[in-house]
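Participant: Chains as they are written, first to last, in our numbering: chain A, 18 to 258; chain B, 2 to 229.
Read the hints as simulated data drawn from the structure, not as lab findings.
Nothing here was measured: the structure is a model prediction, and the numbers come from that model.
There could be a bad hint or two in this list.
Subject to a maximum C-alpha distance of 16 Å in a straight line, what follows is the list of computed EDC-like cross-link-like pairs (lysine to aspartate or glutamate) [said to hold, decoys possible]:
#1 A:K197 x A:E169
#2 B:K54 x B:E144
#3 B:K54 x B:E9
#4 B:K69 x B:E144
#5 A:K110 x B:E9
#6 A:K110 x B:D162
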Amino acid sequence: MAEPEPKAEGTEDQEIVLAELADEDLVKQMHDDLYDGLADEIVEGTRILLDRGWTAERVLNEALVEGMRIVGIDFRDGILFVPEVLLAANAMKAGMEVLRPLLAETGAQRIGTVVIGTVKGDIHDIGKNLVAMMLEGAGFEVIDLGINNAVESYLAAIEEHRPDILGMSALLTTTMPYMKVVIDTLVEKGIRDDLIVMVGGAPLNEEFGKAVGADAYCRDAAVAAETAQALVLARRAALAR
Amino acid sequence: MPELLEDEVTYRAAPEVRRPLLVLACGAIAREVLAVIRLNGWTHVEVRCLPGKLHNTPAEIARRVDGKLAEAEASGRYERVFVAYADCGTGGALDRVLERHGVERLPGDHCYGFFAGVDRWLAMHEAEPATFYLTDFLCRHFERLVIHGLRLDDHPELLPDYFGNYRRLVYLAQTDDPELVERARRAAERLGGLQFEHLRTGLGDLEPALERFAARSGDDALEGGDPP
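My request is simple: use the sequences and hints to build the entire structure.
Facilitator: What follows is the structure, given as C-alpha cells:
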C-alpha cells in the first residue's frame with residue numbers, strides 16, 4: 018500500500034471562506050458544494066456572485082446548472098446514487114430560490130413551456146422533479162402536474178398552457194405503458210404534432226420511447242434539459258423555413 | 002460470514018448429484034426459495050444468490066444476472082437454470098437477458114407481486130398506488146436497506162422527497178412472526194405515519210413456479226414431455 022502523502026503544514030482542516038475566492042474558484046467550489054449537497058453554501062455562493070455583479074442567469078447557468086450537470090454524469094456512471102442526487106438537487110433548489118425572483122424581474126426570455134407529470138397509477142416523482150428543476154434551470158416555464166395523472170389531466174393542461182413540450186415520467190413497469198395511452202389520445206385528437214413528447218423514468222429505454230411514439234427518451238435530468246432545448250430550437254427553425 | 006443483503010451466497014446441492022439444477026435467486030428471497038426446496042426435499046437443486054441490496058439499484062440486476070448465467074453455462078455444471086427474480090424494476094432488461102440464455106424467471110413485476118399473487122397485487126396497487134410494500138426480508142433489513150440505504154439516517158430531511166406521496170404501507174408476510182409485524186408497524190410510523198396493513202401471503206406464486214422448474218427432468222425436456 019502506498020504511503021499517504023504528507024500534508025503541508027497548516028493545510029489540515031483549512032476552512033474555505035467563499036467570499037475570499039476569486040469568481041472562477043468560487044464557481045468551482047460551488048460545483049463541489051452542489052456535489053456534496055451543501056445547501057447553505059450554495060445559497061451563500063449564489064449571493065456572493067450576485068453581489069459581485071453577476072446576472073442571475075449567469076449564476077444559474079455557470080454555477081448551478083453546470084454543477085448539477087456534473088452530478089448527473091456521476092449518477093449515470095454509477096458513482097453517485099439517488100440520495101446524493103437528491104441532496105444536490107435540494108442544494109440547487111435552495112440556490113434557485115434566491116435567483117427565481119431576480120430572473121422574473123429581469124424578464125429573461127423563456128425558451129418555451131413544458132407540461133410535465135408522472136403517469137396514472139404512479140406516485141414516484143423524484144426523477145420527474147429533477148427534470149422539472151433542470152428544465153427550469155435551462156430557461157423553460159414548467160407546469161408540473163405532479164403524480165398519478167390520467168390522460169384527461171394532460172389534455173386539460175395542454176389546452177390551458179399550449180406547451181412546446183409534454184413530459185411524462187414513470188418508475189413502474191406496470192405504469193409505463195400508460196404513456197402510449199396518452200400519446201395515442203393526442204393522435205386521436207389531432208394534436209400530437211403540435212407538441213414535442215419526451216418520456217423518462219428508470220425502467221424506460223430508447224426503444225420503449227420509440228415504441229410508444231415519443232419524440233425523445235431521456236435517461237437523466239441533464240439530458241432531458243439539453244434534449245428539450247435542442248428539440249424546441251430545431252422545431253422553431255423548421256417552422257421558420 | 003457472507004450475508005444475503007450484501008454478498009453472493011451459494012447453497013450447494015447434495016454432493017452426490019452429478020448435474021444439479023440451479024436456481025439463481027435474489028438474496029432478498031433466498032429464505033423463501035430454500036424453504037420451498039427443503040419442504041420438497043430437492044437435494045438436486047443448488048441455489049446461488051445475488052446480494053439482496055440490488056433491490057435498491059435495479060439497473061444493475063440484468064447485468065449481474067447475465068454474468069452469473071454466463072458463468073453457469075461455462076461451468077457446464079448445471080442441468081438447467083431458473084432465475085428467481087421478477088422483472089424487479091428492470092423494465093424488461095432482465096427478460097432480454099433471459100431470452101438470450103433461454104432461461105425462465107418468476108412471474109410478475111416485483112417480489113410483492115409473486116408473493117401476493119400477481120393478479121391480487123395488481124388489483125391492490127390499482128386500488129391504492131400510494132402504497133409502500135414490505136416483505137419479510139425487507140422488514141428484517143428495513144433499517145439497513147431503507148433507512149441507511151436511502152441515507153435517511155444522516156439526512157432525515159429527505160423523507161418527504163422519498164415518501165411524501167405514500168399513504169399506506171402493506172406488509173406482505175411470508176411467515177407468522179409477531180416481531181416482524183411489529184417491525185413493519187414501526188416502519189410505517191417511521192415513514193411518516195403511513196396507514197398500516199398486514200397481509201399474510203405465505204410463499205404465493207413462488208412455490209408453484211419452483212415446483213414446475215424442479216419437476217421437469219432433463220429427459221422430459223429432451224422429449225418435450227410435460228412434467229408428471
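Participant: State for each hint whether it applies.
Facilitator: Structure-based check of all given hints:
Using a Cα cut-off of 16 Å, the hinted pair K197 of chain A and E169 of chain A holds, with the two alpha carbons roughly 14 Å apart. Between the alpha carbons of K54 of chain B and E144 of chain B the distance comes to roughly 12 Å, so the proposed pair stays at or under 16 Å and holds. A distance of roughly 11 Å separates the Cα atoms of K54 of chain B and E9 of chain B; the hinted pair therefore holds under the 16 Å criterion. This hinted pair does not check out: K69 of chain B and E144 of chain B have alpha carbons roughly 28 Å apart, beyond 16 Å.
Between the alpha carbons of K110 of chain A and E9 of chain B the distance comes to roughly 39 Å, so the proposed pair goes past 16 Å and is violated. As the CA atoms of K110 of chain A and D162 of chain B are separated by approximately 13 Å, the hinted pair is consistent with the 16 Å bound.
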